[in-house]
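Novice: Residue numbers (UniProt numbering), protein chains in the order written: chain E, 1 to 293; chain Y, 1 to 293; chain Z, 1 to 293; chain V, 1 to 293; chain A, 1 to 293; chain H, 1 to 293.
Any given hint could turn out to be false.
[Claimed, not checked] Mimicking DSS-like on lysine-lysine, the simulated pairs with C-alpha atoms at most 30 angstroms apart in a straight line are:
hint	chain 1	residue 1	chain 2	residue 2
1	Y	K267	Y	K231
2	H	K265	H	K213
3	Z	K267	Z	K231
4	V	K265	H	K265
5	V	K231	V	K265
6	Y	K265	Y	K231
7	V	K213	V	K231
8	V	K265	A	K265
9	A	K231	A	K265
10	A	K213	A	K231
11	A	K32	E	K32
12	E	K265	E	K213
13	A	K213	A	K267
14	E	K265	Z	K265
15	Z	K267	Z	K213
16	V	K267	V	K213
17	Z	K32	V	K267
18	A	K265	H	K265
19	Y	K265	Z	K265
20	H	K32	Y	K32
21	Z	K213	Z	K231
22	H	K267	H	K231
23	Y	K265	E	K265
24	Y	K213	Y	K265
25	E	K265	E	K231
26	V	K231	V	K267
27	Z	K231	Z	K265
I should point out that these hints are in silico values taken from the structure, not numbers from a laboratory.
6 protein chains.
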Amino acid sequence: MPGGEVSAPSSVVLPTAESIENDEAWVWGQIKAEARRDADSEPALASYLYSTILSHSSLERSLSFHLGNKLCSSTLLSTLLYDLFLNIFSSDSSLRVAVVADLRAARVRDPACVSFSHCLLNYKGFLACQAHRVAHRLWNQERQPLALALHSRISDVFAVDIHPAARIGKAILFDHATGVVIGETAVIGDNCSILHHVTLGGTGKAVGDRHPKVGDGVLIGAGATILGNIKIGDGAKIGAGSVVLIDVPPRATAVGNPARLLGGKEKPSRNVDVPGESMDHTSFISEWSDYII
Amino acid sequence: MPGGEVSAPSSVVLPTAESIENDEAWVWGQIKAEARRDADSEPALASYLYSTILSHSSLERSLSFHLGNKLCSSTLLSTLLYDLFLNIFSSDSSLRVAVVADLRAARVRDPACVSFSHCLLNYKGFLACQAHRVAHRLWNQERQPLALALHSRISDVFAVDIHPAARIGKAILFDHATGVVIGETAVIGDNCSILHHVTLGGTGKAVGDRHPKVGDGVLIGAGATILGNIKIGDGAKIGAGSVVLIDVPPRATAVGNPARLLGGKEKPSRNVDVPGESMDHTSFISEWSDYII
Amino acid sequence: MPGGEVSAPSSVVLPTAESIENDEAWVWGQIKAEARRDADSEPALASYLYSTILSHSSLERSLSFHLGNKLCSSTLLSTLLYDLFLNIFSSDSSLRVAVVADLRAARVRDPACVSFSHCLLNYKGFLACQAHRVAHRLWNQERQPLALALHSRISDVFAVDIHPAARIGKAILFDHATGVVIGETAVIGDNCSILHHVTLGGTGKAVGDRHPKVGDGVLIGAGATILGNIKIGDGAKIGAGSVVLIDVPPRATAVGNPARLLGGKEKPSRNVDVPGESMDHTSFISEWSDYII
Amino acid sequence: MPGGEVSAPSSVVLPTAESIENDEAWVWGQIKAEARRDADSEPALASYLYSTILSHSSLERSLSFHLGNKLCSSTLLSTLLYDLFLNIFSSDSSLRVAVVADLRAARVRDPACVSFSHCLLNYKGFLACQAHRVAHRLWNQERQPLALALHSRISDVFAVDIHPAARIGKAILFDHATGVVIGETAVIGDNCSILHHVTLGGTGKAVGDRHPKVGDGVLIGAGATILGNIKIGDGAKIGAGSVVLIDVPPRATAVGNPARLLGGKEKPSRNVDVPGESMDHTSFISEWSDYII
Amino acid sequence: MPGGEVSAPSSVVLPTAESIENDEAWVWGQIKAEARRDADSEPALASYLYSTILSHSSLERSLSFHLGNKLCSSTLLSTLLYDLFLNIFSSDSSLRVAVVADLRAARVRDPACVSFSHCLLNYKGFLACQAHRVAHRLWNQERQPLALALHSRISDVFAVDIHPAARIGKAILFDHATGVVIGETAVIGDNCSILHHVTLGGTGKAVGDRHPKVGDGVLIGAGATILGNIKIGDGAKIGAGSVVLIDVPPRATAVGNPARLLGGKEKPSRNVDVPGESMDHTSFISEWSDYII
Amino acid sequence: MPGGEVSAPSSVVLPTAESIENDEAWVWGQIKAEARRDADSEPALASYLYSTILSHSSLERSLSFHLGNKLCSSTLLSTLLYDLFLNIFSSDSSLRVAVVADLRAARVRDPACVSFSHCLLNYKGFLACQAHRVAHRLWNQERQPLALALHSRISDVFAVDIHPAARIGKAILFDHATGVVIGETAVIGDNCSILHHVTLGGTGKAVGDRHPKVGDGVLIGAGATILGNIKIGDGAKIGAGSVVLIDVPPRATAVGNPARLLGGKEKPSRNVDVPGESMDHTSFISEWSDYII
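Chain E with its partners taken away, still in its complex shape (with noise of 0.2 angstroms):
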């Protein structure tokens, strides 16, 4: 995480460079310090933190644990599904990286993330997305049935939903993530930072590649609709509640319903920072505002 700052609440140091395993080491220190110190101050909530954080020797056993739980049904088992999280986490260090960079993520861009802990026990978008790994890695084993399984008790548990053979990357946030959907040839890059509610959909008539494809630093407002095999390029912004069905190019910024990019088609005003990462939502929007009135 170059250059991040965890924002005014807090007032932990973050180390300046360090290798992925000291990282996931780090945050997981920091998890089990912040859930002591919460379990001595609220004994009510501490028997919860000790059986979802404080008993467990590793972040990936942590979440395994809590992901097994919530997910579970009468007829899926917490015991089935803690062993296939805890498998998958163990034998797949790119998973672990993702799980680390999407705490840091949500710790670094949004104020109401006080904590990690509180990210990792809390945040449906950030655990739905990492049951959502678990099942892509499922889905490309041709194990298609439990992907599917994995799928619908996602969607039904945190209504998210997020088909598994869709990719996403690292670092990314799904703010409150209820009504998220995202279909089953979408992509999208690192750093992104997702609203609720958000659609990348497909066209409908299409078979095969029919999804949007996200890029880097894209940040997508809430309630955003975008649909289609289309392209939002590196760095670009859509407005909450827009319909998207063109492509968007890298740091432009599209908004409205039907969306349009800010400053024209042909020559589009171009933002200056990672959207992804600074999350601004609301000024483009605005701006256009302003001007279309």
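Please build the complex by placing chains Y, Z, V, A and H on the supplied structure of chain E, with the hints as guidance.
Specialist: Showing chains Y, Z, V, A and H alone in chain E's frame:
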């Protein structure tokens, strides 16, 4: 489903002309064959597949079991719900016809629907719709309190909120389904496809008949909000993200917020296929989009 | 509820002037009578009605039991939550007043709300709001970790995501409620009606006070997205599907994406009734719609 | 139950001559009346009484529901067991006759049995015996694995271990029941009363027919251990704590460790009543005790 | 517990003279300290210890929570039982005195009882006895149906079957406890120790007062069967495996099947200590054994 | 298991000489084959068989899953127990050897044991013993609180109460098992068979080493009570219902209450086979019985 072709990813051969009873038996046979194949290839899922499908002697038993386990709570036990579902599905063949028609609709129209069993087990839109049909039967039998309790469970578990008095035809695809809200006096015809976050809402101020009437073969895109006792004619299309407060003539297309008719109010352009079946979500929006920008 | 009339489908007679305590007792008496009637007419539901309502000696016990069972998980037990809810509802009469006011709001404003017990048992918006009030109390008592854990459960179970720091008045109707997102520094006044998929969101880039302030008597239509630290004045209306980034003056109406004021920015038209109570969702949109097309 | 008198604490009037069907209906009517009375007097129990008894349309449905919920586990779901019990009780009237006869036996012989519903809901001996009858039917239908799984659940839940192949008559009272063990080739006649911790065991070394054969009307006292393929004749009594390895002639009494016949091997004294019905546990032991000391 | 010494494995120092309230507070303080020590040393158990002990503000809350979770079923919810236990323990200080006395009895008499918290959490005899005390209170309040439902749950869960009408003193140790059966009109004094598989049974033929009356300080060995309305005098001992049908005078010892008095009927030998406290199970049997062989 | 023959009802052929690893693999192969056969013949049980056996890759995984689900409670989650069992079984091959030896013991000695999978799934004695072995490992690792919590769950669920400090050999058959109580300092050798309701108890008055030491190949009949730090020699037999307070020499037989040696104290008769394996429960009692009457 005369003339229906299953989409590319599958190679099943569909029957050409069969009676309703045979049709149900044929679909149930397919479901069992699919589940058996999946159980063989994926031991981790076999227990789930046996309990939900392979241990049952009929589609209505399988569905009643699955819905009972999905919708139960600590105060509404699975045995009670199972009994309720089984009694109603067993005694009303029109409900079973609708189950089969909905399964076929998902299988034919949704490229991501890889098998009938996938829809039966995993599609929250399908499951919410079948549970709604039971709640609707209860409502019509003057068992409102039970119908409303079931309605509440469906809304909690699937985030799909269909008032038990609403009348819904058959061969309906609720795709993704999260966030669908359908009011008390709404009506939906046959062969419709309705995406997630769609609202068929009341006008708020009115008592009595106050929700939309949707014809046959209608396609309603993601996030569309249709309000008031208005008519959406047969074969109409509603664009994603539209806010519709006006009647939409048969085969017309409405898009935008507020929604307008493509081709103009006086002489709207007319769809040549059945949008609810062809599922073309976007070409018309693009057309309109190009037009208005 | 001065002057409140219960809508047509019901024939209950409401009290004209009663103290708060009597009011709570009267509503609880109604709820028990309704539940007894329903238990008598529907044996399949009687067990549910006895466990949730008829076995309890007060409204706060019934509500605490129901919320405890709805929101519990394998790691947050129902007994713990029941105890927590009961302690807080018992010790804070203002919460009990709000419970009663919200029950009355649903009963009076929503034609589909056939009884108080229907709202108490089945309205996820009502239940999420009462659980939020408890989380808010915890937040103000510096018990943030517990408040956030409760917040997470409410978001998982009801798909209603209200930050525990958000301040919400009384006599609030969250109708349908799925997908509602309300941020940390948002404020909502009394007598508001808020439909499903409504967002009171932050601007993303800001830390600190960054969410909307909604006055009294406001009506916010389905799918409206209101972003940033802006003011929605008393008695304002927000149209369904609107994206609002500007202040809306008292009694004004904002519609569209991006939202504009009906009547124009300079001299907006003014509502003559209290929209949050009259619940007229659509006439103004139609008016506007006619105007702009 | 010709001539049966209900013991003092109760004032119900029993029918004098009725067909089996009427008998079942009469007992079921009594059970519902008792449950209704208890639900009225004890709101805390009403939910339980409605779910177990008052919501059901027949005794076999109530019993199947109750057994399904008692015997289920995370890997054997209540719906599966309910279905199994209901199918077997519905299709085999001899099982229903035995249910009624056992209910009557408890009601008449056990002074602590205050009502039929008390036995139906609370007597683990009664419940274990009815579940055993179902397991026995499964055994005879060559469904041994399912019979043995059920056997295991009965032994876990009730601490009553009856091999599914064991044959048990009707009008049986298993009083207290904890610790009862009955082996594979054991047979028990009608009208027997068997106390807790009773073993009808094998000889260990034998294969094949190796367990006791108990006649009609036998009384077996608490903790008696009866081993091997021996005969306990009609109307015999076995003293509490006895260890029996010899045939006991009809109407004879065996006591002690090792057990001897009262009156001597050659000319044992004979009971004049039916011990299994009169339930005199102790007078004979006292007699013997006086004799041998 | 005047003069009670805690057995060797522990080094706690007991208070010398304290009022009842102080005593309860002192024991509760010990329990919390023990649980904290165990939670620190064993993270895998910390969640359990927090939920059962460390999150509670009093012994009666902890016990009510633990019993509610142990005894609940799908038809008798934990919240209902928790509420019931808490109300009764809170309102009746004599029950709380008995809880503390029983905890002390286990701690002092049972060498395997390593801590108070061990007894509170793990001793089924202790837990069954406390739940029985609540059932007994309900019985005396004319709430028989609820008392009997609770009785049934205790018998299912702990395999300890104590009729709710039975009267049991305080400072009772039910050691191991599995298989204990105590009938409706049985009475047990203070300071008794009762091993597993002990029966205080009826004579079967009688109605009314028909079970044993056990005095203070009595020791009853494993598997002893005591039948009929007989007297077991203060300070008596009953040998393991005995079958007792005769009165046993104070301080006398009965052994054997049928049981005889050590020293003979006319002039039985007398115990010099309090057997219920000293827990000498065997020396007397050996003595007798040597004598009779 | 030299020379062990499987009893008649089965036709499996056992291996003659195999290493331990092969043995475990062979037994696991048998279990899977049995489960597959049963799943094919009984669809209602297939889900259970897949979740408990067929979805697992090894015997220790299957057993850990099954024990985790059997022994879990609302405060000790199945995932935690599963993890604990799996870790200990995986890391200690001597435990796995004991599992296999116990499975073989049940299969060879108990005529009612129709298959290995039957024992693995359904024998509470087998399951309690394996869970005890894990608790014993924890005890020896100074993790007493967790060992005692597990002990408590075993006693609740199986009514088998084995103190975690007790040392138990391998190839043990606990037949029926309900009510078995084994104290803290008890020791049991290899190849023993122990029936239900057997107590290896303390003398009560002693602290320290106070429970029986049972040699190899011992058979203990149902309901036998063995008290104090006495020796039961290799190859000894204890009759059903005996109360034993004296040392029993190797190959001797003790019967009665109080127990005496067959053949007399001076020159007891000696068994020629290994009673723990041959399981002759009764011939010696008959012999003795004939003698003493």
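Novice: Each of the hints needs a verdict: does it hold here or not?
Specialist: Hints, verified against the model:
no.: 1; hint: Y:K267 x Y:K231; result: holds, 17 angstroms
no.: 2; hint: H:K265 x H:K213; result: holds, 19 angstroms
no.: 3; hint: Z:K267 x Z:K231; result: holds, 17 angstroms
no.: 4; hint: V:K265 x H:K265; result: holds, 28 angstroms
no.: 5; hint: V:K231 x V:K265; result: holds, 15 angstroms
no.: 6; hint: Y:K265 x Y:K231; result: holds, 15 angstroms
no.: 7; hint: V:K213 x V:K231; result: holds, 5 angstroms
no.: 8; hint: V:K265 x A:K265; result: holds, 28 angstroms
no.: 9; hint: A:K231 x A:K265; result: holds, 15 angstroms
no.: 10; hint: A:K213 x A:K231; result: holds, 5 angstroms
no.: 11; hint: A:K32 x E:K32; result: holds, 23 angstroms
no.: 12; hint: E:K265 x E:K213; result: holds, 19 angstroms
no.: 13; hint: A:K213 x A:K267; result: holds, 22 angstroms
no.: 14; hint: E:K265 x Z:K265; result: holds, 28 angstroms
no.: 15; hint: Z:K267 x Z:K213; result: holds, 22 angstroms
no.: 16; hint: V:K267 x V:K213; result: holds, 22 angstroms
no.: 17; hint: Z:K32 x V:K267; result: violated, 70 angstroms
no.: 18; hint: A:K265 x H:K265; result: holds, 28 angstroms
no.: 19; hint: Y:K265 x Z:K265; result: holds, 28 angstroms
no.: 20; hint: H:K32 x Y:K32; result: holds, 23 angstroms
no.: 21; hint: Z:K213 x Z:K231; result: holds, 5 angstroms
no.: 22; hint: H:K267 x H:K231; result: holds, 17 angstroms
no.: 23; hint: Y:K265 x E:K265; result: holds, 28 angstroms
no.: 24; hint: Y:K213 x Y:K265; result: holds, 19 angstroms
no.: 25; hint: E:K265 x E:K231; result: holds, 15 angstroms
no.: 26; hint: V:K231 x V:K267; result: holds, 17 angstroms
no.: 27; hint: Z:K231 x Z:K265; result: holds, 15 angstroms
Consistency note: the structure conflicts with earlier hint 17 alone.
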